[in-house]
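Taken in sequence, the protein lines are chains Y and Z. Each residue of the first sequence is one higher than the last, beginning at 0 in numbering that gives the first Met the number 0. Each residue of the second sequence is one higher than the last, beginning at 0 in numbering that gives the first Met the number 0.
Honestly, the hints are just simulated from the structure, not real lab data. Given the structure is predicted, the values throughout are model-derived calculations rather than measurements. Here a beta-carbon is modelled for each residue, glycine too, at the ideal position from N, C-alpha and C. Keep in mind that the hints are not guaranteed to be accurate.
[To be verified] Here are a few chain Z residues that face chain Y, going by a calculated C-beta distance under 8 Å: (1) K22; (2) Q24; (3) L26; (4) S197; (5) A202; (6) D210; (7) N219.
[To be verified] One side only, chain Z facing chain Y, incomplete, derived with CB under 8 Å: (8) I19; (9) R198; (10) V204; (11) A205; (12) V211; (13) K341.
[What the hints assert, rightly or not] Per the computed footprint, the stretches of chain Y lying under chain Z, defined by three or more beta-carbons under 8 Å from a beta-carbon of chain Z, are: (14) 95-101; (15) 105-113; (16) 133-144; (17) 187-196.
The primary structure of each chain is shown beneath.
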Amino acid sequence: MDHAIGDSPGAVKPVVLEANNLTLRFGGVTALNGVSLTILDDELLAVIGPNGAGKTSLLNSLCGFYQPQEGRIRFQGKDVIGQAPHQIAGDGLIRTFQGTHLFSGMTVLDNIMVGRHVHMKTGLLKSFCYYPWAHKEELEHREFVEEIIDFLEIEAIRHSIVGSLGYGLRKRVDLARALAMEPKALLMDEPMAGMNTEEKEDLARFILDIREAQKIPVVIVEHDMGVIMDIADRIAVLDFGSKIGEGTPEEIQKNEAVINAYLGGH
Amino acid sequence: MALQPSGVFFENYSHDKALIKTKYQWLSLAIFGIFLLLVPFLFGPRIIAVANIMIIMAVVAVGLQITTGYAGQINLGQAAFMGVGAYTAGLVATQFSLPFWISIPLGGVAAAAFGYIFGLSAVRIKGFYLALTTIAAQFIFHFAILNLPTSWFGGSNGLTLEPASLFGFEFKTDSSFYYLALIICTVMVIGAFGIVRSRYGRAFVAVRDDDVASSMMGINVVATKASAFLVGAFFAGIGGGLWAYYVRFVSVDQFTLFNSVWFVAMIIVGGSGSIVGALIGVFLIRLINELVTSIGPVVSEAFPFIGGDIVFAAMNIILGGVICLFVIYEPKGLMYRWNIMKTSYRIWPFPH
Chain Y
0 MDHAIGDSPG AVKPVVLEAN NLTLRFGGVT ALNGVSLTIL DDELLAVIGP
50 NGAGKTSLLN SLCGFYQPQE GRIRFQGKDV IGQAPHQIAG DGLIRTFQGT
100 HLFSGMTVLD NIMVGRHVHM KTGLLKSFCY YPWAHKEELE HREFVEEIID
150 FLEIEAIRHS IVGSLGYGLR KRVDLARALA MEPKALLMDE PMAGMNTEEK
200 EDLARFILDI REAQKIPVVI VEHDMGVIMD IADRIAVLDF GSKIGEGTPE
250 EIQKNEAVIN AYLGGH
Chain Z
0 MALQPSGVFF ENYSHDKALI KTKYQWLSLA IFGIFLLLVP FLFGPRIIAV
50 ANIMIIMAVV AVGLQITTGY AGQINLGQAA FMGVGAYTAG LVATQFSLPF
100 WISIPLGGVA AAAFGYIFGL SAVRIKGFYL ALTTIAAQFI FHFAILNLPT
150 SWFGGSNGLT LEPASLFGFE FKTDSSFYYL ALIICTVMVI GAFGIVRSRY
200 GRAFVAVRDD DVASSMMGIN VVATKASAFL VGAFFAGIGG GLWAYYVRFV
250 SVDQFTLFNS VWFVAMIIVG GSGSIVGALI GVFLIRLINE LVTSIGPVVS
300 EAFPFIGGDI VFAAMNIILG GVICLFVIYE PKGLMYRWNI MKTSYRIWPF
350 PH
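Take these sequences, add in the hints, and give me the full structure.
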């Protein structure tokens, strides 16, 4: 099960998330065709590829939203396929969304508190009474959430309704909500899409900080080659549902198949 | 969320989380509470009777607010859930002569169980289809009560109850029952606030806003939708139990689809997603209802050619009109408007 990666001599990192030979079809369309992917502990893996290559399908399969027809996904040694999405999320495999899937009627604070849901225990009867049990639990988790708010520098908007915020801030709230779940692995679906350069730089810094502080593997699906080449440890390239290359950013930049499919096209 | 008044700062999370944040809010709540306590002394028997009905309906409407306003699950069967509560409370009170403080909660539990079953259907269907399923709850309730043996629920004759009593004191008069209902309603409203501002309440809103994202956040969407129905039906059952002890007669035609629609109307008028909104909705809809009932006979006497039948019809037309106007001009309800006014007052003279 253990794999070593090339550029860190001596360090053997355990496999956290492993996808084997995934095939996902929608009717006659094959979205994923025998894709295998291994994500090691504490690494930043980027998944790139042209539009329609199957990047988001791969991510949706990994977090249990799609059920691939063939193949196997294991997260921390446990099978993912066949489990409900909320169980997988409860195990610590957390994702952020392309665009935003925030709860737009709630405040920023409540959105992030939703991320604490799996760590809270109060039942209906105790909620009905509220004091003291539910109140005590609320305050404990509020402290945790405030640390994340502090880390992502969104203190000023904590009481704003999410629907009233701009796109860049929403993305940050989305990330905060994922972090509140204390992920054991974080999957990010196009976190940089639709952002300006400054927002991208901010977000890239946050992603690196998250790795630094939490030592968790991060998988990023992204279009922006500049950012990816800068921050990724390893890159996997998809095209028409198949993996056509995998390696360090330098290797990918020299890979013929990748250049033809993707980089050469631009 | 409305802005806080200027000069109010929080020094701990507990204060930030509190429902009542300033001393003026405490003061106005206290004045309102005293006013509620004085209602039986200030007004005549008719107003007290109206107040009793309002309080009972408030419990039911707050429940519907949780199911529909917070969790976003349309429910056109709230009156049936209320009926299940009323019949259960009536049955255990007459057959086993249990006191009201056991039979009313039992009514709540029975309604919750009934609601939970229909909540499970919300797992697979949404919107219009869910609305139809909850209407089915309404008809199943009627069918079951009318066709089960008369010795069980009294069939079409209904059930007759003794008044609620506590330590030998009987809540016979409208004024004494008013206090009983007020206490139970207060407990239920505080409980509703507890539920909506803790873990479950957030899960309800999360499922309403985006059920895909909430499943990815580790929320069990199936269980959450079903428990939204469970909570809403429990409130309806408690309201039904109160109703049984207030009217002291329970029959199926007190819990029709019409009543369910009025509960939805109360939520729309008050503002969905707000407990206070539900209370305001109950007050306004019942107020209009009572006004039409009082003015109707006067009008038909002054203009005999209209005829007395017109009164019932006019009530429905006027209330229907009110709902239409709200859906067109104020779809988010009065609480939304009130919050906007409050915020703009607090940041005046700046526009935003």
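Practice task
Determine which of the earlier numbered hints do not hold for this structure and return their numbers in increasing order.
Solution key: When the structure is compared with the hints, numbers 1, 2, 3, 6, 8, 13, 17 turn out to be violated.
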